[in-house]
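There are 2 protein chains.
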Amino acid sequence: MPLNVIIIGAGFAGLWAARELSGAAVDVTVIDRNNYHTFLPLLYQIGAAEIEPEQIAYPVRSILRKRKCIRFVRSEVHGIDIDANCVKITGGTISYDYLIIAAGSVTNYFGIPGAEEFAFPLKTLDDGIILRNHILSCFETAVHEKDIYARRKLLTFSIIGGGPTGVEFAGALSELIRGALRRDYHALDFSEVRVLLLDAGSKLLPSFPEVLGDYTKRRLTAMGIEVMLNSQAQGIERSGIRLKSGAAIPSATVVWTAGVRGAAMLHDERIAKTDAGRIIVTDTLQVPGHPRVYVAGDLAVIDGNPLPMTAPVALQEGATAARNILRDIAGLSPAQLVYRDRGAMVTIGRNSAVAIIRRWKFKGFVAWAMWLVVHLMNLIGFRNRILVMINWAWNYFFFDRAVRLILPACCDNPCERPCVPASGKCREVQV
Amino acid sequence: MPLNVIIIGAGFAGLWAARELSGAAVDVTVIDRNNYHTFLPLLYQIGAAEIEPEQIAYPVRSILRKRKCIRFVRSEVHGIDIDANCVKITGGTISYDYLIIAAGSVTNYFGIPGAEEFAFPLKTLDDGIILRNHILSCFETAVHEKDIYARRKLLTFSIIGGGPTGVEFAGALSELIRGALRRDYHALDFSEVRVLLLDAGSKLLPSFPEVLGDYTKRRLTAMGIEVMLNSQAQGIERSGIRLKSGAAIPSATVVWTAGVRGAAMLHDERIAKTDAGRIIVTDTLQVPGHPRVYVAGDLAVIDGNPLPMTAPVALQEGATAARNILRDIAGLSPAQLVYRDRGAMVTIGRNSAVAIIRRWKFKGFVAWAMWLVVHLMNLIGFRNRILVMINWAWNYFFFDRAVRLILPACCDNPCERPCVPASGKCREVQV
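Chains as they are written, first to last, in our numbering: chain A, 345 to 775; chain B, 345 to 775.
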């Protein structure tokens with residue numbers, strides 16, 4: 345009887361592991377809470393109403409359709425029993441011979457009071473849709489708001505976190521506002537609209553060379569975004585941000601992109617984790633003491649060699665974990681991860697991006713064109729590539745956004761931060 | 345000072361009225377609860393995961409952007425004071441000189457017990473998304489369901505109502521199941537999947553010539569859909585349908601397309617309405633005794649000349665109501681509606697549709713090609729036309745559906761009819 349491999353998570357790490365295992369003499373089960381894989385590098389464009397959610401998501405079953413012996417289970421994972429070799433899912437338990445945990449990361453609020461309750465995360469497809477609905481609702485409400493303080497609060501959009509997601513979202517949001525929304529809302533005075541990008545540190549994109557961070561700051565500032573460095577949030581409230589400096593920023597929209605932590609998966613004090621909840625693994629991606637349990641992607645951190653939490657790392661780790669399982673079955677010892685650095689790139693806005701590939705730095709139009717090509721090529725599904733390309737061309741040539749619907753309408757009230765807990769609440773009510 | 349015209353509803357009637365009034369010396373306010381116009385003729389394709397919701401919806405502000413003196417208010421309408429000439433909306437009251445009520449229709453459950461609670465309507469964009477999520481969730485649950493009765497219940501999809509919406513949705517759902525889903529769920533035995541189309545009457549498409557109704561029935565049957573005529577529902581339960589005949593149909597999905605009624609708008613016993621809640625108007629579309637109040641679209645029924653509740657009727661009525669307001673301002677008496685019958689068409693499935701235009705009947709490929717052209721041409725927005733065309737071509741040539749995501753994830757539990765009340769619940773919790 346073939347051995348069982350369970351892969352938790354259908355992100356980049358999980359899918360690349362499954363791909364590596366297909367055709368081998370193992371039974372593979374992929375578990376994910378969603379029935380789709382999300383192309384997270386473009387998630388910020390959902391929040392900024394640039395593309396449709398369906399275009400960066402792809403049904404897992406379609407991806408795995410042609411792979412033999414791979415089955416998909418859509419379920420939450422409620423626990424892992426590392427001694428009994430089984431995974432608890434909704435309505436049952438599945439046992440494994442080998443396990444790859446690729447559950448990824450979740451938003452890290454660092455315990456800032458009010459952040460989880462009042463700030464908008466941008467980490468899942470649902471987050472993106474909720475944020476888009478909220479931003480558009482703020483404009484719909486502001487246009488009828490007579491009180492200038494209330495109106496300005498509705499029109500102040502604060503993004504906390506000067507990393508890639510914060511920068512990309514700030515740029516895209518600014519273009520949405522100065523383009524399509526400015527034409528939609530004649531009655532609004534757009535000098536009242538503010539987009540703020542805050543970071544606790546002293547520079548943007550700290551993982552990039554300083555010259556690119558500086559360029560990014562200049563470009564964002566030229567786009568009308570207020571970049572506030574050395575600004576640490578002390579608390580988030582319904583009405584906005586309180587800074588450590590004592591200043592308060594009234595803002596109906598606080599987007600939190602300041603950090604991530606490992607998804608809660610192995611609740612076992614014998615398993616070593618970092619402060620951010622990432623599981624510490626060997627350079628062969630195995631959990632020390634549990635050679636049949638692998639961790640890959642954002643959730644894994646290699647002892648002594650922490651890699652960035654990016655898609656290229658995740659898919660290389662996923663593939664390596666899978667190959668090590670096959671080596672083990674074949675009686676070989678597992679091989680260590682050979683990480684190939686593919687570089688990194690961040691888009692800022694129209695015709696402007698930064699990229700670093702090996703030692704080469706790029707900025708401006710060249711980096712932007714590279715960014716477009718790389719992201720289009722890597723989107724899963726030929727149809728999605730075409731549709732995203734049409735949307736981008738539309739946005740680019742017409743300075744317009746076609747996707748600005750408040751949809752579904754369950755998220756209605758912009759001042760109340762409505763749907764984020766609501767999606768949880770729907771479930772609470774039903775289960 | 346220019347006179348004020350309020351238009352309630354940004355559907356076909358409301359938008360065509362606004363278009364007619366643009367450029368005239370009046371101030372126009374369009375009120376709608378959504379910030380988008382929905383192209384309802386293609387709504388069933390949302391439920392069947394054929395196209396993305398964003399592609400049949402278009403922001404009202406974009407549509408009205410170039411029209412002078414038209415302002416848009418996104419709000420619920422809470423009441424109309426026909427004596428004081430004002431409309432109550434969320435957070436205020438707007439007064440009018442002329443009013444066009446184009447609030448459309450809502451699902452009519454005819455008081456069938458359990459229908460409103462357990463059946464899925466298909467009348468708004470949210471309905472379509474919820475239904476899509478539910479159907480896909482049924483398959484995800486069924487694939488792990490060991491009990492054959494429970495599994496068959498999950499895989500039985502019942503559509504109540506043999507009118508255009510019921511027929512179109514049954515056909516599209518059957519193609520989704522026999523195409524993409526059959527390839528996705530190897531583990532399922534697709535002989536267990538049933539699609540039922542029930543109607544209380546003795547034929548399908550009663551508003552069409554009998555020969556076309558018969559053709560439709562043959563086509564649907566050939567596609568594997570069980571057409572059950574003379575089958576009246578006595579009650580809908582969580583577990584399925586109870587028929588008047590005493591039979592019970594276990595079915596986790598009951599879609600209700602059996603009827604519509606006028607949206608509740610004028611709560612005034614002096615205003616005459618039909619049993620289905622439609623407001624009875626003169627042939628000039630005025631409310632008798634209230635010459636400055638017009639009704640257009642599904643909500644209006646002309647005394648002695650009831651017209652079908654379709655998009656072509658709605659937009660002609662909207663335009664006529666608007667022109668009558670301009671005539672009144674110019675001192676002319678209002679003109680009666682001159683209705684031009686554009687014909688009617690219903691698509692059944694791949695290469696097959698029925699159409700009637702004047703006295704000519706069409707069926708099969710010709711009718712289907714006409715249907716495609718007419719619907720593509722009438723979609724608002726060049727970009728939407730391209731995207732829908734790509735999706736249709738994809739579906740057609742690859743027998744596939746790309747849009748089959750369970751999204752947003754707040755609608756999770758297929759057996760519980762989760763999100764329909766949940767979207768309401770979100771609001772309850774917050775307001």
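Incorrect hints may have been included.
Copies of the same chain are indistinguishable here, so a pair counts whether it falls within one copy or spans any two.
Stated by the list, open to error - Derived pair list, reagent style DSSO-like, types lysine-lysine, alpha-carbon separation capped at 27 Å:
no., residue 1, residue 2
1, K410, K490
2, K432, K617
3, K705, K561
4, K561, K467
5, K432, K490
To be clear, the hints were calculated from the coordinates, so they are not data collected in a lab.
Right, here's what the structure says about each hint:
no.	hint	in the structure
1	K410 to K490	between (58 Å within a copy, 25 Å between copies)
2	K432 to K617	within (21 Å within a copy, 57 Å between copies)
3	K705 to K561	within (16 Å within a copy, 65 Å between copies)
4	K561 to K467	within (23 Å within a copy, 47 Å between copies)
5	K432 to K490	between (54 Å within a copy, 18 Å between copies)
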